[in-house]
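K.L.:
Letter by letter, the chains look like this.
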Amino acid sequence: MRNLLNFLAKYNNLIIFLVLEGIAFYLLSTSNNYHNSRIVKGFRGLASEVEKKVSNTRSYFHLREISKSVSRENSSLRTTIERLTRSEDQLFFSVTDTILHQLYTYSPAEVINNSINRQKNFFTINKGRLQGMSIDMAVASGDCVAGVIVGCSGNYSVVMSLLNLDFRLSARLKSNGYFGSLSWDGSDYRHAILSEIPQHVTFGIGDTIETTGFSAVFPEGILIGTVSGFEKTGGDFYRIKVALATDFKKLHFVNVIGNLRKEEQLELEKQFQ
Amino acid sequence: MINSILRLGLIFILLFLLQFLLFNNIQFSGYVNPYIYIMFILLLPVEIPSWLLLALSFATGLVMDLFSGTPGMHTSATVLAGFVRPYVLRVISPRDGYEPGVDPSMMIYGFKWFLIYASIIVFIHHLALFYLEVFRFADFFSTMLRVILSSLFSILFILLLEYIRKGK
Chain A
11 MRNLLNFLAK
21 YNNLIIFLVL
31 EGIAFYLLST
41 SNNYHNSRIV
51 KGFRGLASEV
61 EKKVSNTRSY
71 FHLREISKSV
81 SRENSSLRTT
91 IERLTRSEDQ
101 LFFSVTDTIL
111 HQLYTYSPAE
121 VINNSINRQK
131 NFFTINKGRL
141 QGMSIDMAVA
151 SGDCVAGVIV
161 GCSGNYSVVM
171 SLLNLDFRLS
181 ARLKSNGYFG
191 SLSWDGSDYR
201 HAILSEIPQH
211 VTFGIGDTIE
221 TTGFSAVFPE
231 GILIGTVSGF
241 EKTGGDFYRI
251 KVALATDFKK
261 LHFVNVIGNL
271 RKEEQLELEK
281 QFQ
Chain B
16 MINSILRLGL
26 IFILLFLLQF
36 LLFNNIQFSG
46 YVNPYIYIMF
56 ILLLPVEIPS
66 WLLLALSFAT
76 GLVMDLFSGT
86 PGMHTSATVL
96 AGFVRPYVLR
106 VISPRDGYEP
116 GVDPSMMIYG
126 FKWFLIYASI
136 IVFIHHLALF
146 YLEVFRFADF
156 FSTMLRVILS
166 SLFSILFILL
176 LEYIRKGK
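The listed protein sequences correspond, in order, to chains A and B.
First residue of the first sequence: 11, per the numbering used here; consecutive thereafter.
First residue of the second sequence: 16, per the numbering used here; consecutive thereafter.
Just so you know, not all the hints are guaranteed correct.
What the hints assert, rightly or not - Ranges of calculated distance between the beta carbons of each label pair, as one might list FRET restraints: (1) B:163 to A:74: 54 to 62 angstroms; (2) A:62 to B:81: 36 to 44 angstroms; (3) B:19 to A:62: 57 to 65 angstroms.
Stated by the list, open to error - Computed footprint of chain A on chain B; a stretch qualifies when at least three of its residues, placed anywhere within it, have a C-beta under 8 angstroms from a C-beta of chain A: (4) 65-71; (5) 83-89; (6) 143-153.
Hints were generated in silico from the structure; no laboratory data involved.
Using N, Cα and C, we set each Cβ at its ideal position, and we do this for glycine too.
Chain B with its partners taken away, still in its complex shape (with noise of 0.2 angstroms):
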């Protein structure tokens, strides 16, 4: 348990590490953008209290914000992704069910299932972010192009470091 936490917690800050050192300073042409931090979310255990849940994602959010200062624009996204993660994994749930105490990860339930999950969340949280930044639908696609080649990016790179992980 505790393991776990501190584990969890290791996750955390060196997701937020490469974020602000690395990804931040990718500009693709000036679309993309790649938001890896939302890992965090994603590899959090199965069957954590959703109250838990929600409440680490809008942590998760504020510290973006607060380092990124745009307050409330991450958070939202974020606690958004949160809520449907649960439901996400209902849907996609293996044939015999989730393993209780295992993390979410590629190394148990394979990379085609992996994939699905991280594309699912990624996407829904790149929309809200995206959308919530322009907030009009006025360039709705331009806006929508954007969050397309976004979530390409992050979920790639979302992709590799959990490879990079596995093989650890």
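The shape of chain A in the complex, shown without the other chains (with noise of 0.2 angstroms):
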């Protein structure tokens, strides 16, 4: 208490100042229209400033939960758009049946684990065969080809990543058709390799590489990168340089696809081989 006298009688003068000038603004600020709107919309603009901080903060702590929820989204958007436009030529179907048209499944998932730096690189996903996962699904980043499952545990799923020298893949130029096999060197993360390409086929620098859906694993057109450089190999083939779409350092959310009707042809080509 007595500080705080003293503390008064030291600034008596400042603190008179400043009541005086508090009412002469508060005069300046009510009596003037001119005034009172200049100071309102200061505060206004202040205010709205700060309300933009914090909000664009908050988004920013929320986009883990966003990015979850568009990738789900996206899952189920995708399985839908595959139930609706894989119709085929057949007149008579049971209307109960809702995956008749369906052939490829989606759904999100989380990898867990990852590494690029082997010459055997394997990743994880944090759904397994309680979430209906199972060997030889196929697993995509974004549009992008990522892996195939190789093994499966409850609740987890390791991925076989396309930089694996094991790895192999059914893979074709988009602009004439023309097929071959895609695997890794084991040098460059960012490169494969496409071979099988016969000399006579023309293609450029920058052409797509797609996936041919042959091997009953990844759906027909899945992007897989560009050509980024080839040369002439011994036999009549080119050996293609294949700048990969999927930038496998940072992958995160990817989507499992699952054929439907992969047992029914293989199992018919089975009987012919």
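Hints given; two lone chains; assemble the complex.
P.N.:
Next comes the structure, spelled out in structure tokens:
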């Protein structure tokens, strides 16, 4: 209390000044339309600026939730599209058969462990047998090839990455449809090699490489990458260097693609081998 | 004491009459608008208590505002001038200090001292007043020009009035 009184005695001059200025400003802001509107405008501008900053920060903290929900939504939309667009020339079908037109299912997953610097790279996703994953399902990151599931536990799956010397994929040039075999040469995580394209085929740097769908693992037309260079090898084939569209260093949200009729296709094919 | 209060009251009334009848009607080229009523703050005794100085500044500004229809503008500028006056006096104090019971006038402390004293306070007052009037920084330099020109004219007229007072 005494300190307070001392303080007041010491600064009485400043306090009176501030009080009187306060009264003057009150008069200024209430009695003059111009000054009043300027002050109100100023405060409103300040408040909206702060509000914007706060909401920006808040939305940044929610980004993880948002991207999760977006990826979930993406998968369900893909499933719906698959169901709606794959119409076949079939005149009669049961109206209760909801997966009649559907060939592929999509479900989202998150990469929880990843490597790119070995010769045989694998990554792990956070869904397993209990969530409907099974061996030989395809994994795509966005619209681009990422790998194939090689092992499942209850809640996790191990995926053989495209960056694995054992990985083989049937791929084709989008421009003219010639297909070959895609593999990784173990050197650079941004590039893979497409071989078995014959030398009479014409193509250029930048042409798109996509999947064929022959293997019954990947659907047709999933992006792999673009041609970044090629050389002729013995035996009349090109050896094409493909710049991969997927950046394996920042792989996070992936889609697992299951083929509903794979068994049927493989069984039929087995009969003639 | 009574004598000095009466004298200051007379100065107050005379300054406001001059301000309203003469100086408010001067408009040199739209820039210059001398406010000489601030001279009342300059002429108050040196040893006046600061609360009384602030109260008188407030009253002066309020009267000015009431008659010119701009509530708050002159008041806040004049209160600011009253607030800085003790500090200005301390900074520019003569070598042997201020004599007790004497007004800060040109007659006693000399022309140069009074010029500095009046210039600083008038400039601070005008600076606050003109920026409060436009109330934004968009026309910063044209406002500054008005502040400087008006300050020059106000200081000129205040020196003139002080000469007349001295001669009396």
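K.L.:
Confirm or reject each hint.
P.N.:
Now for the hints, and whether the structure bears them out:
{"no.": "1", "hint": "B:163 to A:74: 54 to 62 angstroms", "verdict": "holds, 58 angstroms"}
{"no.": "2", "hint": "A:62 to B:81: 36 to 44 angstroms", "verdict": "holds, 42 angstroms"}
{"no.": "3", "hint": "B:19 to A:62: 57 to 65 angstroms", "verdict": "holds, 59 angstroms"}
{"no.": "4", "hint": "65-71", "verdict": "holds (count 4)"}
{"no.": "5", "hint": "83-89", "verdict": "holds (count 4)"}
{"no.": "6", "hint": "143-153", "verdict": "holds (count 3)"}
When the structure is compared with the earlier hints, no violation turns up for any of them.
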